Amino acid sequence: MIRIEHLTKVFGGEKVVDDLSFVLEAGTSTALIGPNGAGKTTTLSMLTGLLKPTNGSIRMNDTQDIRKEIGFLPQYPNFYPWLTALEFTEMTGKLNGVPSRDAKKQAERVLDFVGLTNDRSKKTSTFSGGMKQRLGIAQAIVHKPKLLILDEPVSALDPVGRREVINLLKQLQQHSTILYSTHILNDAEEMTDQLLFLKKGQLVEQGSLKDIRTKFDSFRYKIQFTSKEEASLFATQSQLPTTVEESYAFIEIKDGFPTMQELMSQLIVLPFSILKVERVTMTLEEIFMKVVGQ
Amino acid sequence: MIDINWALVAPLLVIQFILFIVALIDLIRIHETNGPKWVWAIVIIFLNTIGPICYFIFGRKTS
Amino acid sequence: MKTFIILLQKEFRESWRSFKFLWMPLLFILLGITDPLTNYYMEDILNAVGNMPDGFSLSLPDFVPIDILMASTGQFQSIGLIVFVITIAGMINRERQNGTATLIYVRPISFFALFMSKWVVGSLLGILSVSLGYAGSMYYTAILYGSVDTMSFIQMVMSYCVWIVFATAVALMFSAIFKTAFATTFTIIVIPFGVMIDSLIGQYWHFSPWKLANYSVQLLSDTHNEYYIKTLLLTIILLILAIIIGILFTRKNAGTTKI
Ligand SMILES: Nc1ncnc2c1ncn2[C@@H]1O[C@H](COP(=O)(O)OP(=O)(O)O)[C@@H](O)[C@H]1O
Ligand SMILES: [Mg+2]
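Residue numbers (the working numbering), protein chains in the order written: chain A, 1 to 294; chain B, 1 to 63; chain C, 1 to 259.
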């Protein structure tokens, strides 16, 4: 278990990370979510020991040097171009205390895991972005760290690469503690026990995906018209609070009101056609916008 | 004409040649250089000794 | 200790794969053999180039071996030293600037081990280059001008190596403190320019690290230099100081690595 208390970082008078407190339970995955510039990278850098906190503490059960217990994948990992993937992974393993006789085997194992078996003897200068990201994961797990810290692990990847990396992370999730940052919320939805919403350095909301959903999620009616004009016309006419997006009108359901029947009674008198009516939940992105927008 | 003892001068030429060849082979094999490769090729080929040394110091990319 | 060995291996690998252990010694050998050769052929060259008026006779001084070794030292101290310290002054900061340091710094390494691994490899590169350079110079000097006492020669080379090791420490110290451009500039000012400045106005003091090279060559002559030992000691003390400052700044600036 890792306990973070009152973590603060000031850059040139500005609080880039402002009084964060949270707990990472062993075996869970936590997503640090926030738009660009929210302070995600700065927070993770403090956890890795790269940056000194201006204030606050990071404590891991009876561990002095937290660097021994973590594996870190930076947002843009950079490798020595004159080393091969295997040499690099082996070296980083040894630096983390993997015994010399096991280091090579262990490095081969993690490179197999990330799918670089055939490229392991190539110099990293020849690697593509996706290969670098996978090598980055390999070097982060080669010493079997207690905590895996990943800074935007999939943001820079194309859809195929993203899928591959997410699948890798899902496997890792089963037997490690993970903290990762992202500004893409669909990723977070797939693999998270705890969510931390960060806005301008402040933790604006935290909890499990389920808790946050019950707290902020609301059901809405989504009505599709044939044009934006018709949707807008409906919005002005109806007595319900309605928002319009393209040819859709949205009506929030508060305490069960309005009911489908009530909505229907208003729709049925409209002089133009309705293509579709459905009851929808919010995406995590919409919840996030709602939380952060407060 | 200067009466040159070639046995004395030969090592000088050999060293210059080694620098030239190693720099050129490395340039061909390296993935990327600081600045265009062809410029370094010209530098290595036309600037005796200084060219290869400059390439090794400034031309090779380190990340 | 274990991380030191691993980092040392990494530094050797880098220097070897970037051919530093090839081209640096070759450069110093070239510098070393240039002076004995050109001085030997100087008269011929001048005669061939210039149309000397009749009756004009050029009298070049008669060089003795120590003059030639002094001239070679001058080459090492200018071109050789500039090239050498430029190479060393990028060893720490460049890794921070291009972000390769990040994946090293997040591991449980000591910055003492990190700095020392670079200092050891840089020093060995310098020692190898200088030794081969002097060997080349001595070889030609012995053929063309005559020999010197072997023990004194070895002493001179070792003494000069102390200076190179000092230069390595200073360059690395600046590399730990500043970004590449500044570190390179400061190092060039302090080391090769420092030598020049000391030779211009250095008659007012008798010992400084910048005099060590000249004092080293003087070991070949019979005159006893009472300031040599003090200069050597001062250099070693400043060398240790540079290492300590360098280690402190390597740790302090670890957070400036591109993340
Ligand atoms: N070394 C630094 N010096 C000054 N400001 C910084 C530094 N690093 C980050 N910042 C600022 O801190 C804020 C948060 O940055 P960052 O942690 O990288 O955000 P994120 O990773 O969430 O996009 C940004 O406004 C950025 O400009
Ligand atoms: Mg970031």
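To be clear, the hints were calculated from the coordinates, so they are not data collected in a lab. In this text, all values refer to a predicted model and were calculated from it rather than measured experimentally. Cβ coordinates follow ideal geometry from the N, Cα and C atoms, glycine included. Check before you lean on any hint, since a few could be wrong.
To be verified - Partial pick of chain C residues on the chain B-facing surface, computed with a CB cut under 8 angstroms:
#, residue
1, 18
2, 29
3, 38
4, 94
How the hints compare with the structure:
no.	hint	result
1	18	holds, 6 angstroms
2	29	holds, 6 angstroms
3	38	violated, 10 angstroms
4	94	holds, 6 angstroms
Comparing the model with each earlier hint shows a violation of hint 3 alone; every other hint is respected.
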